[in-house]
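Participant: The lines below spell out each chain.
Protein chains: 4
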Amino acid sequence: MTDLRLGLIGTGRIGKVHAHNLKGAVRGAELVAVADVVGEAARSLAAEVGVEWVTNDPRELLALADLDGVLICSSTDTHAELIVAAAEAGKAIFCEKPIALELGAIDRALEAVERAGVTLQVGFNRRFDPSFAALRDAVDTGRIGTPEMLRITSRDPEPPPIAYVRGSGGIFCDMMIHDLDMARFVLGEEVVEVYAMGSVLVDPAIGEAGDVDTATVTLRFASGALGVIENSRRAAYGYDQRAEVFGSKGMVASRNHAAHTAEISDATGVHGPLPHYFFLERYNQAYVNELQAFCDCVRDGSPPPVSGADGRTPVVMALAAGLSLRANRPVRLEEVRPEYWAGRTQ
Amino acid sequence: MTDLRLGLIGTGRIGKVHAHNLKGAVRGAELVAVADVVGEAARSLAAEVGVEWVTNDPRELLALADLDGVLICSSTDTHAELIVAAAEAGKAIFCEKPIALELGAIDRALEAVERAGVTLQVGFNRRFDPSFAALRDAVDTGRIGTPEMLRITSRDPEPPPIAYVRGSGGIFCDMMIHDLDMARFVLGEEVVEVYAMGSVLVDPAIGEAGDVDTATVTLRFASGALGVIENSRRAAYGYDQRAEVFGSKGMVASRNHAAHTAEISDATGVHGPLPHYFFLERYNQAYVNELQAFCDCVRDGSPPPVSGADGRTPVVMALAAGLSLRANRPVRLEEVRPEYWAGRTQ
Amino acid sequence: MTDLRLGLIGTGRIGKVHAHNLKGAVRGAELVAVADVVGEAARSLAAEVGVEWVTNDPRELLALADLDGVLICSSTDTHAELIVAAAEAGKAIFCEKPIALELGAIDRALEAVERAGVTLQVGFNRRFDPSFAALRDAVDTGRIGTPEMLRITSRDPEPPPIAYVRGSGGIFCDMMIHDLDMARFVLGEEVVEVYAMGSVLVDPAIGEAGDVDTATVTLRFASGALGVIENSRRAAYGYDQRAEVFGSKGMVASRNHAAHTAEISDATGVHGPLPHYFFLERYNQAYVNELQAFCDCVRDGSPPPVSGADGRTPVVMALAAGLSLRANRPVRLEEVRPEYWAGRTQ
Amino acid sequence: MTDLRLGLIGTGRIGKVHAHNLKGAVRGAELVAVADVVGEAARSLAAEVGVEWVTNDPRELLALADLDGVLICSSTDTHAELIVAAAEAGKAIFCEKPIALELGAIDRALEAVERAGVTLQVGFNRRFDPSFAALRDAVDTGRIGTPEMLRITSRDPEPPPIAYVRGSGGIFCDMMIHDLDMARFVLGEEVVEVYAMGSVLVDPAIGEAGDVDTATVTLRFASGALGVIENSRRAAYGYDQRAEVFGSKGMVASRNHAAHTAEISDATGVHGPLPHYFFLERYNQAYVNELQAFCDCVRDGSPPPVSGADGRTPVVMALAAGLSLRANRPVRLEEVRPEYWAGRTQ
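Protein sequences appear in the order of chains A, B, C and D. Okay, so the first sequence: first residue is 1 according to my numbering, each after it adds one. Okay, so the second sequence: first residue is 1 according to my numbering, each after it adds one. Okay, so the third sequence: first residue is 1 according to my numbering, each after it adds one. Okay, so the fourth sequence: first residue is 1 according to my numbering, each after it adds one.
The set of hints was computed from the structure by calculation and includes no laboratory data. Careful, some of the hints might be misleading.
Any copy, or any two copies together, can satisfy a pair, since identical chains are not distinguished.
Calculated cross-link-like contacts (lysine to any residue; reagent style SDA-like; alpha-carbon spacing at most 25 Å) [unchecked claim]:
no., residue 1, residue 2
1, 23, 50
2, 249, 159
3, 249, 269
4, 249, 327
5, 23, 43
6, 249, 162
7, 16, 143
8, 249, 277
9, 249, 75
10, 23, 2
Between the sequences and the hints, there should be enough to build the whole structure, so can you do that?
Facilitator: Here it is in structure tokens:
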């Protein structure tokens with residue numbers, strides 16, 4: 001079978017990761033076109049990975065007849081429109097998360113995908129991390145019985161620039177969205193209600209930007225199972241990414257990953273290595289795996305492992321968490337409706 | 001210096017632990033009198049530990065002139081009254097937690113102690129566990145910077161008999177009260193607001209008794225730090241007792257304790273030992289330490305490490321959690337007032 | 001059943017441990033007599049644990065008619081003679097290791113025990129440590145298949161005083177003897193050949209005393225299984241006590257024990273607690289367990305868990321290791337014969 | 001700077017690994033020619049990685065004028081001759097371990113390299129594993145003081161086919177050679193004497209082939225430091241690759257690597273994942289790193305991190321271990337001389 005021919009839109013940090021993975025690690029696909037509105041960025045990445053076709057106009061890339069699919073890695077506010085355009089062009093679509101911060105835009109994008117009958121996979125890469133996949137597997141196989149409590153701890157090593165924070169849609173849409181997806185993924189069921197508590201403890205500027213930097217969200221699942229997500233924008237020891245599911249027959253818990261296993265014992269204690277510093281190191285393999293899964297399902301015609309609906313629900317959860325924080329009360333997900341939220345970002 | 005002469009009131013499970021510890025492990029004190037309203041129980045334990053003076057009337061014990069102090073280990077509903085009586089008799093008092101489930105009773109007991117000027121230590125034994133003490137120490141010494149998030153996981157191996165559940169005052173007063181105390185102890189500051197979510201997932205009979213068996217409580221501390229406590233009445237793998245404090249400079253986390261460290265690697269995985277099955281094994285050393293601390297402070301005249309106020313506040317927190325669960329809203333601790341709560345247990 | 005009445009000979013460090021354990025932790029036995037050639041030491045310990053009968057003449061203690069058994073905790077060079085005397089007095093005997101450093105003396109002691117038909121248990125306390133017992137159990141139950149390789153790492157926190165080193169019989173008889181016993185215990189089979197390599201790396205004075213401070217001994221078991229023991233007289237991080245058995249179906253390994261489980265993660269790494277500093281902390285429970293086992297088997301008439309032969313063989317192994325070190329060649333245990341070794345200590 | 005142009009000789013398991021790494025993971029180098037005496041194997045791999053120039057004659061490859069370097073991954077008995085030929089052709093050389101099993105052949109190869117002044121790096125990939133590199137680093141930086149004891153445990157998941165065993169040169173040359181290299185690498189000093197003990201416990205056929213399948217080798221380093229290497233041809237739990245260095249100020253130890261960190265706690269224990277099954281998984285990153293290091297030093301003109309002498313010494317150590325096993329006595333490395341060993345493989 002011939003390789004998939006793929007185009008990349010957006011050559012920022014994550015676009016680069018996917019381009020290099022397509023070149024070196026993913027089988028059965030070839031990157032043949034690169035677009036970025038900043039033409040210089042597009043040309044530079046294309047040269048790095050040996051791609052000749054370059055443009056500063058994403059629409060031009062989508063118009064290429066012999067392209068099987070496209071990776072949308074541009075800024076969040078362009079995702080929904082590009083999905084519509086790519087779907088209308090009949091391309092398979094891999095889109096970075098979130099699809100959009102506004103439910104109406106998400107719904108329009110998903111409708112276009114539905115109409116065109118193309119594949120859409122959303123970039124919740126952590127589902128492809130071996131440790132989180134092992135958690136899901138322990139739940140799926142009944143190894144720990146019926147899930148009753150979930151805990152996810154997720155802390156970044158340091159806060160993003162304050163300008164980024166301002167445009168990010170807030171900690172729930174920007175950072176916790178991965179954990180909200182993880183909650184659904186690992187338990188395999190839906191959340192019906194959330195309660196958020198938050199504080200500004202890391203940087204007052206984050207508070208001035210209308211956001212919090214430290215937050216916990218309590219989740220009630222449809223089955224009655226409970227969950228807690230803890231987020232901080234800064235951890236002195238690096239990227240903290242742990243999860244734990246407690247069930248009727250036992251518990252499964254994943255620890256942080258480190259670059260090596262060497263421990264030093266001296267007169268002051270036993271000292272192990274720090275966790276990986278940030279997501280590129282920690283989720284290195286997950287990024288390869290998600291792209292491989294996308295390519296495989298496009299080739300096979302099988303449904304993608306992270307669907308458009310999987311991309312929409314965490315946004316609803318994040319919006320509910322934002323409302324809960326502002327109102328200081330639990331919020332049911334059914335309160336979050338497109339008409340209500342039109343034009344708001346959080 | 002001569003040994004303290006102590007009396008024991010209540011010879012149930014925990015009374016036995018203290019009696020044996022006084023005999024074998026605690027220095028500077030001697031158990032000389034035992035009381036239990038079930039005379040046979042008192043005589044049996046007294047014989048076991050070689051104590052000659054036995055009664056079925058606690059008041060009679062309190063009237064002994066040459067007794068320096070008393071351990072109150074009888075049923076919860078007798079604690080407050082016995083504290084009053086012991087204080088009036090001028091005895092130093094070690095009282096098992098909780099002092100009472102009703103704030104008015106607690107306040108009357110604490111006033112009697114205050115008036116008499118006697119020592120009162122409340123039996124929050126976990127503060128004396130080496131692992132929890134190490135957490136507190138890491139916070140106290142500034143080792144992890146300013147605390148920002150706290151997590152406590154506490155799960156019993158199996159639920160108590162349903163009759164016990166009915167009279168227990170509910171999961172927050174009966175079980176989480178230890179964790180509520182631990183939250184204050186480890187962070188060294190007060191909680192101002194709580195939000196509780198609960199479910200009945202372990203045994204429907206617990207729900208029929210008006211209680212939940214699975215609960216999370218989110219805590220807001222005065223400083224803005226956040227906390228989460230997770231409780232379950234049943235864990236397949238035994239007694240789950242972990243805590244974690246995240247701060248501006250790092251994190252301190254304690255794992256479960258096991259009876260040994262031998263791990264087996266075979267074709268199916270790497271298999272370690274279970275945690276200690278329940279509190280007598282896990283907190284064995286903590287029980288010795290708390291009694292030693294009590295005896296030491298009585299002899300020294302120094303203030304007890306767990307004061308009457310330390311006994312009262314977790315009850316307020318537990319009552320607030322109960323209200324939060326019923327009302328499904330966050331509750332500020334200041335809402336919990338004696339007059340409001342008079343005559344209610346949760 | 002009435003309690004065993006026991007006497008203690010020798011009130012040094014280990015005698016004190018046993019005396020306190022008899023008072024506080026061991027069931028079914030009572031310490032009623034204490035002897036030490038230094039009368040003041042005997043009186044002091046006796047007062048501590050509430051024993052009235054005290055002597056500075058061990059023979060006088062052995063002559064007590066109503067004594068069921070005796071713990072021999074005096075200096076090594078007195079063990080064999082006291083065993084003979086105690087056996088002739090018909091007392092059950094618990095003797096600290098080693099019985100003697102000279103095989104003829106050991107054999108005379110064991111013959112006296114045999115003749116008298118009394119119980120003799122040798123103080124290889126580590127067999128009663130929960131982690132080492134778990135290793136033995138994993139082997140015994142076939143959990144790891146047929147044992148093929150054994151590793152024991154044993155390092156003291158700091159070297160003993162040089163005067164002690166001079167009279168100790170050398171690192172193999174003094175320190176590794178515990179590990180040599182452990183090798184037999186854990187594998188449940190005999191060693192046939194040893195090869196020792198040693199160095200003086202910790203303190204030149206140890207070399208000047210004719211000893212080494214760093215040593216490895218390779219063991220060949222009768223079945224062909226191989227073993228390695230590593231010893232050092234000094235470990236910066238405390239008392240290192242680990243063992244590992246590799247078998248046809250898997251491996252069992254025990255780690256060090258620490259006082260608590262709290263780990264700190266900060267910008268420099270993940271920091272756990274040190275192992276217990278030395279044997280009194282690490283083997284605290286093992287000392288209680290071995291004495292309980294001794295008392296139980298004396299009361300039951302069952303054979304002791306560590307026999308006289310179990311006391312003799314590790315001495316043979318240690319002597320073989322010493323010969324191997326001096327000759328720099330492997331030595332078979334059958335080369336170590338009483339007549340050959342008469343009058344030598346290593 | 002233009003990419004290095006490299007050729008590959010030998011397209012077996014390890015040749016494939018390097019070819020794929022050159023394509024996907026190593027920067028600054030390009031694979032442009034592939035040779036294998038089995039032409040079909042060469043063509044198949046070349047097609048996989050998109051290389052057009054293919055031959056079944058390695059000499060033809062070495063004659064290519066525009067080739068900067070060559071990877072020698074053919075069978076061991078061809079390494080030395082190919083090194084000579086490649087050196088004479090002026091190519092930089094990466095050669096899989098061991099250079100040869102016969103010292104004369106090694107010396108002839110190293111002389112040719114010396115004469116030609118080309119780069120030669122030997123494929124001791126484990127030096128590039130992050131965990132072993134961390135051990136070395138802890139020693140190098142003085143973090144654990146002066147090294148005193150080394151332990152390396154190395155066990156394969158299952159024995160190779162018996163035909164392979166027969167031609168392998170024995171467990172020391174074939175399997176332990178990696179550990180012998182590691183011993184020198186981690187401690188940064190030379191071994192002067194070895195003592196080997198071995199058994200046939202895994203498969204009698206290995207014994208019939210004149211080899212052992214279970215072995216320990218004790219090492220004496222020049223400084224007096226001691227070391228132990230444990231090998232088994234079969235471990236039920238997978239690939240066991242651990243090392244530990246004990247020094248005057250502490251210890252550094254590396255554990256096995258696993259594919260994920262998820263642990264399951266249930267009623268029977270706490271169950272973690274198995275180590276990686278074998279070397280391709282475990283040393284995946286190390287293979288990339290060693291090739292990157294080779295390419296970097298060829299481009300920079302810096303000396304290779306694993307020299308020809310580094311390739312020779314472990315063979316001397318392995319031959320000494322073989323002699324020790326057969327003679328059952330310690331053997332000094334200086335006993336192993338080319339003239340003595342001429343024509344013998346172990």
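Participant: So, against the hints stated earlier in the document, which numbers end up violated here?
Facilitator: Checked against the structure, the hints that fail are numbers 4, 7, 9, while the rest are satisfied.
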